Amino acid sequence: MTLLPGPVSAATEGATAALSVAGLTKRFGATLALDDASLAVRPGTVHALLGGNGSGKSTAIKVLAGVHQADAGRVRIGGRDQDLTSWSAADAREAGLRFVHQDLGLFEGLSIAENFAFDAGFPTRSGAAIRWRSLHCRVREVLDDYELDVDPRTPINELRPADRTMVAIARALQDASGCGDRGLVLVLDEPTASLAQHESALLLTKLRRRAELGQTVVMVSHRMAEVLSVADDFTVFRDGRTVATLVDAHPTEDALVELMAGRAVEELRPVGGTTATSTVRVSVRGLAGGPLRGVDLDALAGEIVGIAGLVGSGRSTLLRMLFGDRRPDAGEVTLDGRPYRPRDVPDALVAGVAYVPEDRGGEAAFPDLSIADNLSVTRLRSYWGLRGMNRRREHDVGRALVSDFKVKAAGTTALFSSMSGGNQQKVVLARWLQQDPALLLLDEPTQGVDVMSRVDIYATIREAARRGSAVLVASSDASELLALCDRIVILREGRADEVLAAEGLDPDVLTRKLLRSSGAQQEER
Amino acid sequence: MSVSTDDQPVPAPPEAEGQAAHPPELLHVPVEQRFPLLGLAERYALLVLTVGICLYFSVSPKSGDVFASLSNVNVVLGGQTAVLMIAIAAVFPLVAGHIDFSLGATTAASMVLAAGLMSRHDVPLSACVVACLVMGALVGLVNGVAVTVFGMNPFVTTLGVATLLGGIILWYTGGQTIFQGISPELRVFGSSKVAGLPQVTAVVAVVAVLAWYLLSQTPYGRSLYAIGSNPVSARLVGLRVGRNVMLAFVTSGTIAGAAGVLQLSRTGSATADSGTALLFPALAAVFLGATAIRPGFFNVVGTVIGALFVSFSVSGLTLSGADSWVSPVFNGIALLVAVGLSTWLGARRRSRQ
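If you read the protein sequences in the order shown, they are chains A and B. No gaps in the numbering here: position 303 of the first sequence is 303 in the working numbering, and each next residue is one more. No gaps in the numbering here: position 191 of the second sequence is 716 in the working numbering, and each next residue is one more.
Just chain B, with the same shape it has in the complex:
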C-alpha cells in the first residue's frame, strides 16, 4: 500500500496563507480545571441521561412492567446489534476527519453475501464469515484509496459506493428475501444467550473493547486523532497520513462486514435492502457520543452510550404506546441535537479564550 498524501506538493507560500496564530493575552485555564465539576458533568451528562431515561421508563406505569424486564433488554440489545457495530465502525474514519456513508450498505451487502453463499452455493459458515470480513475490508479499501490516493471527497465517494452496493444487492437478490439454506448453526448462535443477554451482544462488546483499545491505546489511534486535528501538521511530524486514513476506512469496512454476519444471525434472512435504516441511527449514536466521555472528539465509549441512549429511548416510547413514526422522529432529533451539540462544543473548545 503506497502512501499518497505524504507526497503532496508543497503548500502555498506562507505569505498567501496569512493566518499565523494570533497571540491571546491571557493564560487560559480549561474549563475543566477551573470548575472540575463542570468538566465532569459534561463528560458524563449523556450517561446520566441514559440511566435517567431507563429509570423513568422503568417506573412509568405505561411502560414500566415490560420495559424493565430482561426480555425487553434482550430485544433492545439484540435488535441494535448492527446499529451498534456500524456506529463503532464509523468512529474510525470520523476520528481522522472523514465520514463514511457506505457502512450501512456494506453491512447489508455482507448479509446478502453470507446468505447467498450459504443458500445458493452451500459454502460452509466459517468461509462465509471470512468472505464477509474480506468484502467489508475491500469496500473500505476502495473508499480509502479513493479518498487518500485520488483525493476524492469522502462524502460523495462513500455515498456513491453505498448507492452502488445497494444496486448490486438488488441485482443479486432480484428483490427477493433470501431465507432458505441459512446455516442453522448461525441461527442458534444468533438466538442463544450468555449471562441472560444475547450472545451477539457479547461479540459487539468485544468489538467495542478492541475498537476502544485501537483508538485510545495505540499509536495508530493517536495518529488518527492527530490527523483529524491537522493533517498537514501530522504529515510534517512524520505520521503516515495516507496509510493511516486508508487503514481507518479498512478497519471500519471490516467491522461493517462483521456486522452483516451478526445481523443475519439475528434475522435469519437477508432482504434486498440497502442498509440506510441501519446507518442513520448509527451516525446519531456516534455524534451523540462525541458529546460525552471525551467531549468534542469522536470516541468509542461515548458512541456505545449514545447508541444505548437512542435505542432504550425509542423502546420506552414504543412501549408507552407511541406510534411507529416516533422512532424515526426521535432518531432524527437525536442526530440533529448531537451534531449541534458537538459543533457547539468544538467551537467552544476553540474559542475558550
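The shape of chain A in the complex, shown without the other chains:
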C-alpha cells in the first residue's frame, strides 16, 4: 500500500493510467469548486472517488462528462493528452468514457433490447424495418457476457433493481464487448444509492468481476462500507483538492472519513448516551397488516428505538401505520397512555406524530418551492391571520431553523432542490422537529446523505430524543442503528422477534442476526 498524502504527480502516474486528470480547476462565480485537482486511475481497477458534499467530486465527474467546461486542466485517456477547457460530451464518448448516473436513464416500460438500441441504434433492413431478431441476438450476447440471465425482451420494470443497474452498465459498455477491449472507462455516480443492501451487494459482486476481467471503473459513492468492499484504489477530494490517493490499499472506514473530513473521526461520532426516561410514550400491541402479523413494541419518551429487518420485513409499513398513512388490519396503539387510532395523516399530526419517509425526493420534498415554504407547510394555519399569511414570520422562523439545524443554503428563499441531499434531509427534519413531536418516525434517515451531514443529522435526532420525543428509526444500515439507537428491535416474520440493547453490540453480530432470520424464513418455506 502506498499512501500519497497529496496530489499524484500526473507525469509519473499518467503514463500507465487508463485515465488521468491533472491540474483540474473549475470556478463557479465566486466559488472555487475544483482547485488543481488530480486523479489517476489504473487500468482494470475499481477506483473510488470520495469526498463530502462540496468537495468537488461531482463537479469533477461533470467536467469529465462534458457537462461543465473546466477553467484549466488536462485529461489523458487512451494514450492521448487532451485539454479539459474545451471538453464536450462527444469528446468524452469518443475518448472512451462511459457514464452511468444514479438515475439510470432507462426507459422503464420498454424492453432491454429496445433500451440498448436507443443508445446504439436499431439494426434495420432496407426500408428501415427493424431487424428484431438480430437485435435480440446481439443483446443476448451482451447480457450473457454480463452474467445477466434475462431475456432481452424483458421490460426494464420487471427486472430486480440490481439487474437494472447492471443493464444500464452493460448498455453503456455495449460497443466494447464483442469487438475486444477498447479500453473504455466506466464512471459510476452513486450506483447503489437507491438500492437496498442485498441488491447493492449483488451489484458490487458483479462489478468486481467486471474489473477482474479488465474493466476500468471509477465509482462515486457515499456508502463507505460498500466502497471499501469493492475498490482497489481511492482518491479523496476535499475543498476541491485531491488530498489523498491510496493505491491498492485497504484503509479503514475511519481513516477514509478522517481524510474526507480533515479532522479526527472521534469528533464525528454522535455524542451523549441515552436520554430515555421511564415514561412509556408509545405502546404497540398486535399490530398487523401487510407484512406485519402482530408487532408488539414499546418506546419510552427520550428513547431512540431502531427497527431492523430485511427488505420486506415491514419496517416501512410499521412506520406508515403509526403515521396513519396505512390502516392496520388489527392491533392497538397507545400514545402517552391514550388509545391512538389515526385514520389519516392529519390525525397523526394532531397527536404529535412526525414521519420522515425514506424516499426524500418523492415523498418529503416540495422541490420547486422555497426552503421557507418547505419548512412552514405543516403549520400553515399558525401563520395565518386577518392580514393573510405572515410571510415575514415564516422567513424569520425559517432562518432560525436553517441556522439551528446547520443547513447550508443560500437563504430561505432558495429552492429546496438547490440544496445537496444532506441539507435537504436537514430541512425535512427541521420541518418536523420545530414542533417537538411526541413520536418521531424516521425511515432511512441518512439515505443519500454524505458522511459529514450524517453526523449533524445524528446529533439532531439525539437532541430530539433529549427533548422528550420517542424516536423510531427504521434503517438497513447496521452501523447507523448502533450509532444512534438505545435499543434495536428486529422485525422477523411479521413480528418484533428480538430486542437488543444497542450499547456494546458489534455491527457484525447485528448483521448476522438479521441474515439468520432470512435463513430461518427460507427453511420454513
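Calculated directly from the structure, the hints in this document are not laboratory data. Being a predicted model, the structure only gives us computed values, none of them experimental. Where a beta carbon is used, it is the ideal one built from N, C-alpha and C, also for glycine. Be careful, since some hints might not be right.
Stated by the list, open to error - Per the computed footprint, the stretches of chain B lying under chain A, defined by three or more beta-carbons under 8 Å from a beta-carbon of chain A, are:
1. 735-744
2. 749-758
3. 761-768
What the hints assert, rightly or not - Here are a few chain B residues that sit away from chain A, every Cβ distance over 12 Å (derived from the structure):
4. Leu572
5. Leu580
6. Val601
7. Ala652
8. Gly821
Chain A is fixed; fit chain B onto it per the hints.
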C-alpha cells in the same frame, strides 16, 4: 365530502423508485439573489411589455386616437369580462396541478341557464344568479369527484364535461338565441359605469382580489401550491389533498358560473355556443401569467396582466386595420409562447444548479 387520495395504497417500495435526490456539490444561489435586477426583470417583463404595447398603439398614427380613448378602454375591458373571469377561475386547479377545460362551457351553460330561467320561467334575477353559481359549483364538484375520488385524468374528464355541457346547451336552446325576457335590471347593470369604467369590470376586480387572497394569503391556497409541487409529499405532511383539489375545482366552477351572469349582462342574450371561444384566450392569459410576478407558478396577478396584454394587443391590432383572422392568430401565438416560456422557466428553476 370524503377525502379520497388520502387513502391511496402505499406507494411502491423504495428500491423500485430509484431516484433519491442527487447531491449537487455547490451551494447554489437563486438567480434573483445573485442578480437582483434580473429577477426583477423576469417578474415584471410582462407588465412592462403590456404598458409598452399600450403606449405604442396610443401614439401610433393608425390606431392612436381611438385606442387611447376611454370608450375603447371600456370596450376592451367590458368585452373581456368573461375571459378574465375564466382565466382567474382556471388558476385554481392549475395551481394544484390539474387543468380544467370545462370552464368555457360552464360559463356558456350559466348564460343559457340564467337567460332560460328568466325568459321561460320568469324566475327573479337574484334566484337566477344563485342558480348559476350553484350550477357552476356542481360542475366543479363533478370534475373534482371524478379527478380525486375516481382518479380520472383531468384533461379528458373536463374535456368530456365540456362536450356534454355543449350538447345540453344545444338541446335546451334548440340552437336558438335567447334574447327575450332578460331582466332589464341585469342589462342596466351590464351597461352602467363606475368611475368611467364598466361596472362589470369592478366585479371582476373584486373577484380577482378575492382569488389572489385565497391563493396567496390563506393556508388553502398555500396547500394548493404544495399539492401542485408534490402531491405525495403533500399527503405525508398532513394536507388533505383530495379535499383541497376538489375545492379548487368547485371554486373555479363557481367563478365560471358567475362569469356567465356577467357575460349575459353585457350581451343581453345567450346563444347556443359552447364557450370554446372564451376558454382559449383565458388559458393563454393564465399561461402568460405564469411567466410574470411569480415566474414558474400560476398566479392571479400575472393572469390579470396576461389577459390585459392579450386583449389590448388584439384591440390595437384591430384598430390598426388588421383583419379579423389576426385576433385568433395572436391568441394562438400568445398561448404557445406562454406555454413555452413557462415550461422553460420551470425547467430552468429545476436545473439552476
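Hints numbered earlier in the text: which of these fail when held up against the supplied structure?
8
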